[in-house]
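Go by the hints and put chain B onto chain G.
As you go down the protein sequences, you meet chains G and B in turn. Counting with our numbering, you get residues 131 to 284 for the letters of the first sequence. Counting with our numbering, you get residues 131 to 284 for the letters of the second sequence.
FYI, nobody ran anything at the bench for these hints, they're computed from the structure. Bear in mind the structure is a predicted one, so any value in this text is a computation, not a measurement. Be a bit skeptical, because a hint or two may be false.
Identical copies go unnamed one by one, so any copy, or any two together, can satisfy a pair.
Result set (DSBU-like, lysine-lysine): computed pairs, CA atoms no more than 35 Å apart in a straight line [unchecked claim]:
#1 K281 / K256
#2 K143 / K193
#3 K143 / K273
#4 K233 / K144
#5 K133 / K144
#6 K160 / K266
#7 K252 / K133
#8 K281 / K266
#9 K143 / K256
#10 K266 / K133
#11 K160 / K281
#12 K133 / K193
#13 K252 / K281
#14 K143 / K133
#15 K266 / K144
#16 K160 / K252
Below are the chains, spelled out letter by letter.
2 protein chains.
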Amino acid sequence: MNKFMQEAIEEAKKGITDHEGGPFGAVIVKSGEIISRGHNQVVTHNDPTAHAEMQAIRKACEKLKTFSLEGCEIYSTSEPCPMCYSAIHWARIDKIYYGCSRKDAAEIGFDDQLLYDVLKGKNPQKHINSEQIERKACLAPFKEWQESDNKIPY
Amino acid sequence: MNKFMQEAIEEAKKGITDHEGGPFGAVIVKSGEIISRGHNQVVTHNDPTAHAEMQAIRKACEKLKTFSLEGCEIYSTSEPCPMCYSAIHWARIDKIYYGCSRKDAAEIGFDDQLLYDVLKGKNPQKHINSEQIERKACLAPFKEWQESDNKIPY
Numbered sequence: 131m132n133k134f135m136q137e138a139i140e141e142a143k144k145g146i147t148d149h150e151g152g153p154f155g156a157v158i159v160k161s162g163e164i165i166s167r168g169h170n171q172v173v174t175h176n177d178p179t180a181h182a183e184m185q186a187i188r189k190a191c192e193k194l195k196t197f198s199l200e201g202c203e204i205y206s207t208s209e210p211c212p213m214c215y216s217a218i219h220w221a222r223i224d225k226i227y228y229g230c231s232r233k234d235a236a237e238i239g240f241d242d243q244l245l246y247d248v249l250k251g252k253n254p255q256k257h258i259n260s261e262q263i264e265r266k267a268c269l270a271p272f273k274e275w276q277e278s279d280n281k282i283p284y
Numbered sequence: 131m132n133k134f135m136q137e138a139i140e141e142a143k144k145g146i147t148d149h150e151g152g153p154f155g156a157v158i159v160k161s162g163e164i165i166s167r168g169h170n171q172v173v174t175h176n177d178p179t180a181h182a183e184m185q186a187i188r189k190a191c192e193k194l195k196t197f198s199l200e201g202c203e204i205y206s207t208s209e210p211c212p213m214c215y216s217a218i219h220w221a222r223i224d225k226i227y228y229g230c231s232r233k234d235a236a237e238i239g240f241d242d243q244l245l246y247d248v249l250k251g252k253n254p255q256k257h258i259n260s261e262q263i264e265r266k267a268c269l270a271p272f273k274e275w276q277e278s279d280n281k282i283p284y
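If we strip away everything but chain G, and leave its shape as in the complex, we get:
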């Protein structure tokens, strides 16, 4: 049994016992050591973004005092949803190890399929209603940022 995935499973179990959210856990590993642990806390934290992977990413960044987790791996008990996948991308994590598939998760009621479809351009009628307004005014902060000194690109 992979020892890091075992730890991710322990995290998932913690969340179940305390009714914190869905049964998902994750750990982030750097150079063979666990940097952070996270489990789904959507319900107890009243935070729809508090998925296991997100919690682990935030804690790892806090611990390492950086917004880049290059050189790290994430172990998640379930395939990351598009939000978590994108966060893993922004965090520059090198590798994802996952246990259950999105299909397994759907079978217990956590269905990401609509979101996957929408991001692929399918099911537009179920898409969140989106409207572009005030583009010209919104370009002003972009211009200000470009012209500002000491900006930190990331």
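Quick look at chain B alone, frame taken from chain G:
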């Protein structure tokens, strides 16, 4: 000028002045009132998930003491990236108003295209390396959750 987008622009400007992250702002509105404001704080918070929309979602949920933002609208100075779009989906926000397009953002160095492509199944060679391991062991917390009493589906 839309007054809510004006507020989102003010948020974006705040982040530029204090070098907190990218020049992005967002506000969440319910029944014609602003519930929360957020701007990109990736750099100062050392948090790659601290995009404007994410910050606004977390604050709105904290304020309303719920993980569901049904009946709310989000105003973002720029088209939400896939992470934020997915978070808006999970938060059940009704409508997105956005100012700049993803193309405008790419022009000042914030390019989400690779992520969009990957989520569409394109560019797999640039995909984060992913591997499924220990599926059977990871199904255990799923089963435990299904059989647990008092679970809160969301």
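Handout entry: Structure versus earlier hints - violations, ascending order
Key = Every hint satisfied by this model.
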